[in-house]
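In case you want the letters, here they are:
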Amino acid sequence: MIRIKLTASLLSGVLIFAQSIALAAEVNIYSARNEALIKPLLDRFTQQSGTQVNLVTGDADALLKRLEIEGDNSPADLLLTIDVARLQRAQESNLLQPVTSEILINVIPESYRDKEGYWFGLSLRSRVIVYAKDRVNPEQLSSYEALAAPEWKGRICVRSSSHVYNQSLVASLIAHDGIEATEQWAKGLVGNFARPPQGGDRDQIKAVAVGQCDLALVNTYYLGGMLHSELDEEKQAADKVALFWPNQGDRGAHINISGAGITRSARNKTEAIKLLEFMTSDEAQVWYAEQNYEYPIRPGIAIGDTMKQWGEFVADRLNLDQLGQYNAEAVRLMDRAGWK
Amino acid sequence: MSTSVVTTALSSSLNRRIGIHPWALALVFASLTLSLPLIVIAGSFLIPAQDIWQHLLRTVLPEYIVNSLVLMLGVGVMTALLGIAPAWLVTMCRFPGSRLLEWALLLPLAVPAYIVAYTYTGILDASGPVQSWLRAITGWSYGEYWFPEIRSMGGAIAMLSFVLYPYVYLISRAAFIGQSICALEVARTLGCGPYKTFFRVALPLARPAIIVGLTLVLMETLADYGTVQYFGIAAFTTGIFRTWFGLGNSAAAAQLSALLMLFIIILIYIEYWSRKQQRYHHTSTRYDALSQEKLKGWSAAIAIIVCGLPVFLGFLIPVGFLIKWALLTYESVVDQQFYILMWNSIALAACAALMATVLALFMAYGKRHYSNPITNSAVNISGMGYAIPGTVIAVGVMLPFAWLDQTIDHLFRTYFDISTGLLLSGTLSALMFAYMVRFLAVALKTVDAGLTKIKPAMDDAGRSLGMKMITLMRRVHMPMLRGSLLTAILLVFVDVLKELPATLILRPFNFNTLAIKAYELANEERLADAACPALAIVLIGIIPVIYLSRSISISRPGHEYST
Chain A
46 MIRIKLTASL LSGVLIFAQS IALAAEVNIY SARNEALIKP LLDRFTQQSG TQVNLVTGDA
106 DALLKRLEIE GDNSPADLLL TIDVARLQRA QESNLLQPVT SEILINVIPE SYRDKEGYWF
166 GLSLRSRVIV YAKDRVNPEQ LSSYEALAAP EWKGRICVRS SSHVYNQSLV ASLIAHDGIE
226 ATEQWAKGLV GNFARPPQGG DRDQIKAVAV GQCDLALVNT YYLGGMLHSE LDEEKQAADK
286 VALFWPNQGD RGAHINISGA GITRSARNKT EAIKLLEFMT SDEAQVWYAE QNYEYPIRPG
346 IAIGDTMKQW GEFVADRLNL DQLGQYNAEA VRLMDRAGWK
Chain B
542 MSTSVVTTAL SSSLNRRIGI HPWALALVFA SLTLSLPLIV IAGSFLIPAQ DIWQHLLRTV
602 LPEYIVNSLV LMLGVGVMTA LLGIAPAWLV TMCRFPGSRL LEWALLLPLA VPAYIVAYTY
662 TGILDASGPV QSWLRAITGW SYGEYWFPEI RSMGGAIAML SFVLYPYVYL ISRAAFIGQS
722 ICALEVARTL GCGPYKTFFR VALPLARPAI IVGLTLVLME TLADYGTVQY FGIAAFTTGI
782 FRTWFGLGNS AAAAQLSALL MLFIIILIYI EYWSRKQQRY HHTSTRYDAL SQEKLKGWSA
842 AIAIIVCGLP VFLGFLIPVG FLIKWALLTY ESVVDQQFYI LMWNSIALAA CAALMATVLA
902 LFMAYGKRHY SNPITNSAVN ISGMGYAIPG TVIAVGVMLP FAWLDQTIDH LFRTYFDIST
962 GLLLSGTLSA LMFAYMVRFL AVALKTVDAG LTKIKPAMDD AGRSLGMKMI TLMRRVHMPM
1022 LRGSLLTAIL LVFVDVLKEL PATLILRPFN FNTLAIKAYE LANEERLADA ACPALAIVLI
1082 GIIPVIYLSR SISISRPGHE YST
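Just so you know, the protein sequences line up as chains A and B, in that order.
Taking our numbering, the leading residue of the first sequence gets 46, the next gets one more, and so forth.
Taking our numbering, the leading residue of the second sequence gets 542, the next gets one more, and so forth.
Read the hints as simulated data drawn from the structure, not as lab findings.
Heads up, a few of these hints could be off.
[Claimed, not checked] Computed footprint of chain A on chain B, listed as stretches where at least three residues anywhere in the stretch have a Cβ under 8 Å from a Cβ of chain A:
1. 676 to 687
2. 763 to 777
3. 879 to 890
4. 1075 to 1089
Built from N, CA and C at the ideal position, the CB exists for glycine as well.
Turn these sequences into a full structure, and let the hints guide you.
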C-alpha cells in the first residue's frame, strides 16, 4: 500500500510540476462557492488573461481548516466564500494577507470590503421576507423585529439555525438591538414557527405557496432561481409568493456578501489580485446577477427583469465585521431560544 | 556473528517468548497507521475548548444523544425487517420473480442516502405531486387532512433504512446460502415447520452474520450528515458541524467526534460479545445444493410483496423520479466534463475497493492465525473510522500528512536549500488513505465473516496433507472466500462512489467526481440539475451489484459439485 501511495504521489507530483512548467501564470483557489456558480467566470478570465485557474470547492470551514493545516506551504492563493463571517474567521486565524489595489478600492463601496484589504466583497445577498400573496397584506409587514409579534403565531417558516444565513441575520440583530432584546425576539419567533425548521430556502418558499405557513425568511436569489426553474411546480410555487424588503423605514434589509481574500501563503499574488479585479468588472457583475440573481457589489450595473420587479431597496449599512464578530454568539442564542 | 543471524535469532526469540510473529507485527503497524486520524481526533481533548461544553450540555447535547440513539434503534429494526425476510425467501423458495428480486434487492445500495432524502421530499412534501393530487381530487386545502411529515425522525429512519437494508440482506443471504442443508433438514425431520425452522435454526445460525450487517448499518447511520441535516434533526453529526462551523470551535467539534467514537466502541463491543457467545462452524461436511421450495398462490404473492417492497421503496421510486428530472435537465448538465467526472469516480472507487480488500484480507488472516488481544483490538480499532463523518476523518488525515510534508520540507530546506512544498497533502494519496480509514471496516467485516465460516479443521486437514500456508490459502480458502472477497470489493466500490465529504475536502485541484457534482447542485437546491449526476452514480453502482449477485449464487455450496 505504501508503495502504491508513493508512486501515486510521485506521479501527481510530476503532473503538477509539468503543469506549472506548461503554464507560467496560474492562480489557485479554494472556493466555498460551488463550481457551477464560479467556473464559467474563471474560464472567461483564463480566456482573457491566459492565466490558468485551478479550483477546489468545498464547505467554507473545511477549506479554512485545510488552509490552516497546510500552513505556509499551502498552494492556495485565494479563498472565496459566500458569507462574510467566514472571511473574518480566516482573517482572525491569520490565514489571509492584506493587499492594495486601486481598482478594488475604487469600485467596491467601503462598507463591503475590509479597511485594511484582507477581504473584498464580490456580490450582495439579502435575506428578506416572502409572503403568500393571497393571505397576507404587505401592509401588515414591517421589520424583522415585528416577526416576533403574536399575530404571526404558527404562520412563519424558516430553515435550521445551523445555516450560516440565519446565523448572520441574527448576528446583525444582535449588533443593532443587543443580545437580550435579540434573545427575546428569537424566542418570540420560534413561538411563531409553523413547523420545526427543516429543508432549504426553496422549501420554505414552497411551504408558503402551499399554505403550510404565510411568511418565510429566505435569500432573494432562491426566489429568482425558482421563478426560472425547469420544474413547473417550483415556478408555480414562486408565482404564489411575493417579496418584502424589511426595515425599509429604518436601517434597511439585512445584507451579506460573497467575497474573497488573498491567502497568507499566496505565491501568485499578482494573478490573484488580477482575478479579483476581473470579478468586480462589469462583465462579471452582470453575470452574477444573470446567473444567480445576486445583487452587484458596485452601483450602476444593469440587472435583469426578475430583479427589477423586486424593486429598489435600502440595504443595511451595518459594518460587515460585526456579522462575523457575533456569529458564535448568535448560534448560542438560537440554541437557548430553541431554534433548531 | 553477522547481523542477519542476530536479527533472525532476535525475531525467533521474540516469536517464542512473547509470541509476536512478523505478520502480527505488520498488522499492528498497519492498524496503528490507519488509526492515526482517530488518534488525532481523540487527542483533541488536550486542547481546552473554553466554556462550550457547559453551553452544549445545558442546551443541545442531551437532544443530540437521544436523537442519535432513536435514529439508530429505528434504522436497526427497520433494516432488519427489510433485509432478513427477503434474504431467507429468495434463498429457500422459488416464486415468480424470485430470480430477478434476488439481485434487485441489492440495487438501493447504489443510491446515496441524501439523494433518496431529497427525492422523497420532492414527492411527499406538502407541495409535492402526491399531496397536490390529493388536494385536487378531494378539494381539501393544506391543514384539513393528515399526512405524514417526511422531514421528521420517522422520515429519516425510513430514508436511511431504504438504502442501508442491503447490507443486512447481502450478509444474511450469504449466511443462509452457506448454511449446511443438513441442519435445516434435521430440523424438518424433527418436526419443525418452515417457520419454526427459520426462527429456531436458520436465524440463530445466521445471527453472527446478521449482527455484522447491522453493525455496518448502524455505523453508517451514525456517520450520516446529509439526511439528518436536510430533515432538520439535531443528531450527533449535526452537533459536530454546528459546533465547528457555527460556533467556530473546531477543538470542541473534534471532542464531540471523540465522544462519538465512544458510541462506536460500545457498538463494536456488543458485536464482539455476541459473536463470542457462540462459535458457529458447521460440523457437517455435507454441503448439498439447497433445494428450493416452490411457492404458489397466496404464499407466492406474499413472498413477492415482502421481497418487492424494499426494491420498490429504495430503488424504483427514487430512481423513477430522478429519471423524470434528468430528462428535463440532461442537455444542460451532460457535457464533455461529465464523462471526465464519470471516469474519475470509477477509477477512484475501483482503486480504493481493491486496496481495501487486499488490506482486509491481510488483516483478517493475521487475526485468524495470530489471534491475541493485541491483534484483535488492533483490527477492531482500524474498523472504527466507518462511523465517523467523512469531514472529521478528512481533518484527521490532513494533520499527519501535513506534518510529514512539513518535516520533509524542513529537512530539504536545511540540507539542500530546496523547498519540497506539500508532497502528499492535497494529492490523491491522501484521499486514498482517508478512504481506507473510513471504509476498511466494510471490507474487513465481510472478509472476516467469510473466513470465520471456514472451520479450523479444514486448515488442519490441508496442513496434514502437506499443504503450505500459501497453498492452503490458494487451493482451499480462496474458492471458499470468493463470494466474501467480491462482496467486499463491491461494497467499498459503491461506498466510495457515493462518498462525499472526504473527497470534497481532500481532493487535488480541478478534480471532480459525480458525487461532488450531485451534492453541489442539490445543496444549491437545484434538485432537477442534480438528477443527472445522481443517476450516473446509481447506474455505475448497479453494474458491479449485478455481477456480484450472480457470483454469490454461483458460490453456493454444492453448486460447484452439481455442475
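Evaluation of the provided hints:
no.: 1; hint: 676 to 687; result: holds (count 3)
no.: 2; hint: 763 to 777; result: holds (count 5)
no.: 3; hint: 879 to 890; result: violated (count 0)
no.: 4; hint: 1075 to 1089; result: violated (count 0)
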